[in-house]
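Same order as they appear, the protein sequences are chains A and B. So for the first sequence, my numbering puts the first residue at 1; every next one is plus one. So for the second sequence, my numbering puts the first residue at 336; every next one is plus one.
Certain hints may be false.
Pulled a few chain B residues facing chain A out of the computed Cβ check, cut under 7 angstroms [to be verified]:
1) V427
2) A430
3) Q432
Just so you have them, the derived chain B footprint on chain A, three or more residues with Cβ under 8 angstroms [unchecked claim]:
4) 56-65
5) 113-122
6) 220-232
Just so you know, the hints here were simulated from the structure itself, not pulled from any lab data. Please read all numbers here as calculations on a predicted model, not as lab measurements. Quick reminder that beta carbons are idealized off the backbone N, C-alpha and C, glycines included.
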Amino acid sequence: MVAGVFIFGGPRRREPAPATGAAARTDTPMPTPAVLARRLTKRFGEFTAVDAIDLDVRAGECFGLLGPNGAGKTTSVRMIHAYLPITAGELQVLGLPVDRQPAAVKRRLGLVPQEDTLDPDLTPWENLLVFARYFDIASREARRRAAELLEFVQLTNRAHHPLDALSGGMKRRLLIARALLNEPELLVLDEPTTGLDPQARHLVWQRLRALKAQGITQVLTTHYMEEAAQLCDRVALLHGGRILRQGRPADLVRAEIGEEVVELRGDEALLRAALAALDGTSLRWERAADTLYLYCTDGRSLLPALSALRPPHLLHRPASLEDLFLKVAGRSLQE
Amino acid sequence: MRARGVVVVWPTWRAVRVWQRNLTVFRKFSLPSLVGPSIGEPLLYLLGLGFGLGTVVGAVGGMRYVEFVAPGMVMSSAMFAAAYECTYGAYVRMAHQRTYEAILTTPLSLEDVVAGEVLWGASKGMFNGSVMLTAVTLFGLSRSPWALGIPVIIALVALLFAGLSLVVAALARSFEFFNYYLTLVVTPMFLFCGVFYPLDSLPPWARTVAWYLPLTHAVAAARALMQGQPGLHVLVPLLGLLPPILVAYLLAARLIRRRLIH
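Construct all of the structure, not just a fragment, from the sequences and the given hints.
Structure follows, in structure tokens:
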């Protein structure tokens, strides 16, 4: 792992905005929300991809849009960065109406797309310089930023390599660097680590946390609950184009699932026996095929009775976003 | 409910950024391709057909055959260069490399991208056409200083075929699609627009068809200028190229919007 403190010497960076709750609730006026959506809707013909969602992304926070494939995450993001016109509702980004001022919004926003949209004919260095021109960044300033950003994403030694010599993780980091060229106030990331190996993923996470420390607001989509838990101050769980839950990950998990989960796997008779043994406790539980999930606050006290059944798999662990997600969105594959 | 999705039809000066991007890539890779197919081929036609066939054909309309063919070679080289760039080149950028999508995350609009692509394709056409014009002049095939006006005609042809080809690229689902376009639209222009023979030699109905093909007027006007006989009857029809240029751009923008932004 890469260790150590990273210092990104970006001058003229904005102050870290008041992070969350406490600061925002004081008497000081609320800062402009980074994203404000009211009954935001996107339909493609008959199909409703995003169904009247409300979002409030605060300045300075990292906000996660979570959900399985097809939940409407990418569509939401594409509306936020002024790519897709909205069908109905209201959408403001950085205080601007996206449908009427797309160029102004895009000037202050960075997007890390899901797909590789880098220029394969150009080196990483050239990719950044060409992109800077779209923002009217003067050549000298563009070079300064490109060098700084390549350093930030640890690609300095690849700056002049052909693009196809870069790994998937390197390309993703280059996409992040490219999205930062215009010093955006809001960084939108569509599945920033999908398809990356663990090392590459952790490196990306580390960079995103560094950006948050600089006060850059982030909206990211992911279907990795672990990623959301690692990065996001608040999340919205999307499913079928609707928001099922919205809030701080820990609060959501605690409210719906509890503190802990005991997982028990076994045959039909064993699961029945386990439920019988727990009869009388006010435990919430859920069953999915061969596995029983017991949501509890003191799992340790259940373990003696359960291990007496000698199940092939018995696991006591903290409750996670994934539990919450599977509970509210259901466990069946929806395609 | 308020009206949504105001369609911005007109590009801004930012279209130049797209042109610059293409130039950056082109400068890096494509200089060798200049001497190859795009300029070499029309030059070979000119030499092979003009001088070779010319010995058999003799004079046409008071010109040596090679003089007769020269203006058509200039125009068709502009046409082919613009057409190739805005079919294969644009399609790779749009569908394979997702370049347009990347650019659309910046302050540029889709109209800027489309206009930039048309300008780029047209620039390649103008470049090739101008190189051919220079070659023709050096061969002594152009008799008149009026030929200095020919670059304007080259620009019209290049803009038109860049826009038209971008429309085709917007509709294409694969490279094979371009074979139809190049074989059924572009090549017939080359063969039936008076490049190789006077249109008078065609039957009346074919002459009528040729009159509606844009390259016909460009070739006729270029020939008149090279011969030092500019007349309104050959120059005015060139104005007819302007509406199709505009329509092709608008159609390309509309189709590419439909393709990329569902």
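Practice task
Grab the minimum C-beta distance from B:V427 to chain A and call the hint holds if it beats 7 angstroms, violated otherwise.
Solution key: violated (10 angstroms)
Problem - Within 8 angstroms of chain B's CB atoms, at least three CB atoms from the stretch 220-232 of chain A: coverage verdict - result: violated (count 0)
Problem - B:A430 as an interface hint toward chain A, with CB separation required under 7 angstroms - result: violated (12 angstroms)
Exercise for the section: Under 7 angstroms, Cβ to Cβ, is where B:Q432 needs to be relative to chain A, so tell me if that hint holds or is violated. Expected result: With Cβ-Cβ at 6 angstroms, under 7 angstroms, it holds.
Problem - chain B covers the stretch 56-65 of chain A, three or more CB atoms within 8 angstroms, holds or violated - result: violated (count 0)
Practice task
With a C-beta cutoff of 8 angstroms, work out whether three or more residues of the stretch 113-122 of chain A approach chain B closely enough for the coverage to hold.
Solution key: As far as the stretch 113-122 of chain A goes, the hint holds, because 9 residues have Cβ atoms under 8 angstroms from chain B.
The structure does not agree with the numbered hints 1, 2, 4, 6 stated previously, though it agrees with the rest.
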